Each structure stands twice: as C-alpha cells, then as structure tokens.
Amino acid sequence: MSQSLVDDVDDPAEAALGPSRPVAAGPVPDPGRRMDVRRLLRFVVRRPGLLLSVVVLVLMVLASFWPDLFTSQDPLKGVPSQNFRGPSGSHWFGTDELGRDVFSRVVHGAQLSLEATLIAVLVAFVVGGLLGVVAGFVGRWVDDVVMRFVDVLLSIPALFMSLALVTALGYGTVKVAVAVGIASVAAFARVARAEVLRVRQAVFVEASRAGGARWYSVLARHVLPNAAGPVIVLATLDFGSSILAVSALSFLGYGAPPPAPEWGTLISDGRNYLANAWWLTALPGLAIAATVLAANRIARALDGEWSRQR
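Residues in the sequence shown are numbered consecutively from 1, following this note's numbering.
Not one of these hints is a red herring.
The calculated label-pair distances, taken between Cβ atoms and stated as ranges, are:
id	residue 1	residue 2	range
1	A207	R46	37 to 45 Å
2	R148	V55	42 to 50 Å
3	R209	D68	53 to 61 Å
4	L130	F84	49 to 57 Å
5	D151	R300	24 to 32 Å
6	E97	L159	22 to 30 Å
Keep in mind the hints are simulated off the structure, nothing from the lab. Please read these numbers as outputs of a predicted model, since none were measured by experiment. Where a beta carbon is used, it is the ideal one built from N, C-alpha and C, also for glycine.
Let the sequences and hints guide you as you build the complete structure.
Below, the structure written as structure tokens:
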C-alpha cells in the first residue's frame, strides 16, 4: 500500500479494509446549534418563575397586536343595564359605569400601552446608544461634551422630565411615548459608553487596528457586537419602567383621549368607584403589575446569563 493512500485517510486500519462506500450528499446538521437550543430550553424550563414570566409577556404582546384572539366584545360599546357587574363567567373583569366589559378594555388597552412602551424603549435605545457609542469610541472633547449633556439629563427626575416634555409636545399616546423615551436616554448612553470603552481596549481590537483595519470596520465588526449585550439587557429592564411611566402619564390625563382604553386611563376612571366597584382599578392594575414583573424577571435572567458568560 502506498504512503499517499495511508496519508489520505484518518485511520490506517480503514485503508487496510479497502475503500469505503460513497456517502450520499445532503445537508449536514449543526450540532452546535442544536446544543444552543437545548441549552436555552433547559435554562428556561429549570426556572419556573422565568417560564411564567415569558408566558405572561408573550400573552401581553399577543394581546397588543391581536386583541381579537382573547375577546370578541367591543371595548367601546356599553350596555347601561349591566353596569357595575362584578367579575363573572360572562364578564371576567366585570363591567364599568357604562356597562362596558372591563376585560375587553384591558385587552385592547394593551395595544395602546405596550405599543407606546415599545416606542419609548426604541427611542431611548437608539438615541442613548448612539450618544454612548460616539462618546466612547471617539473620546477626547467629544466624550466630555456628550457626557456633560448626559449628566444634565441624569440630574432631572425621569418622570418630571417626561411631564415637561409631554406638556411641550402635546397630548397623545405617541407623544407620551417619545417623552418617556427621551427621559431614559441618559441611562442608555452611560451603559453604552462604558461597554464601548471596555471593548475598545481589548486585545483583538488593538490587533485589528494594528492590522490596518478602518475605524468603521473596527466599530461594526468588533466593538458594537461585543458591547451590545448589556445595552439589550437594559432595554429589557427599561421595558418595565417605561410601562409604569406611560401608564402614569395616561393616569394623569396626558395619553389618548377618552374613550380610548389605555391602562392608566382605566385606573384613573375607576378610582371614583372604589367603594362599590373595586375591580375597575384593581384588575387593570394587576395587568400592569404582572407585565412589569415579568419584564423585570426576564431582564434579571438575561443579566445573570450575560455576566456568567463574561
């Protein structure tokens, strides 16, 4: 047997047995990807609280985009003869002063409240992340100017700034969302800047620069992918606080005008009937609390997993 034939095979014993049968061509499964999916499933299943939080958040997101999956009743149509009915099989969350189904109003209110929250988080993520990346990557006087602006934003309470901005912008769900998002820009900018500074000093970044890579190539291929993790975790955590801020502004009357069923507006309308209709405030408030707690639980799990990988 020639030496070249022995070199072409991994095991010399296979060469002694003769040529093997041809293997049919086809897609090769990726074991690493299957292991990642299994690891993710084990990570979620072994934590009942996290699994429940994921289910709650998924249900709320489905309710915000497809409310007809959960109820077929009109949230704006009331039956005066059925006003102030308590929770029952026909009206899960009872009825309000006009005989409208409260469960239907909570489900359709998710569409307004959660969409406003997503807009707020997106504004904070994009604007704050951009400021942090510019400050951390460029450095020098740009870093000083941007971070002094961020310090000014941090010196103003977020809810007070949201109130000032929504007063200047005007009433409405989208304007409330933009105001809440701008009030959260400073936190995203600080986290993004800190991560960019950490990654920028890494050995592989210095090696890429020494190899002659352009600054935009270093930023896109090395800095941003490795600095995005904590910012994404902060976005998940800010999702819960943004729900509270949007609901608070709606409670004060800055959200969508009546009879739009925003969560904060539902609680504001029901506070006048606490003595004889507790469900008008308690059950919408429970929906807000469940969503916020679920978002915070998921954010803590992501933060712990990210810290472990680092």
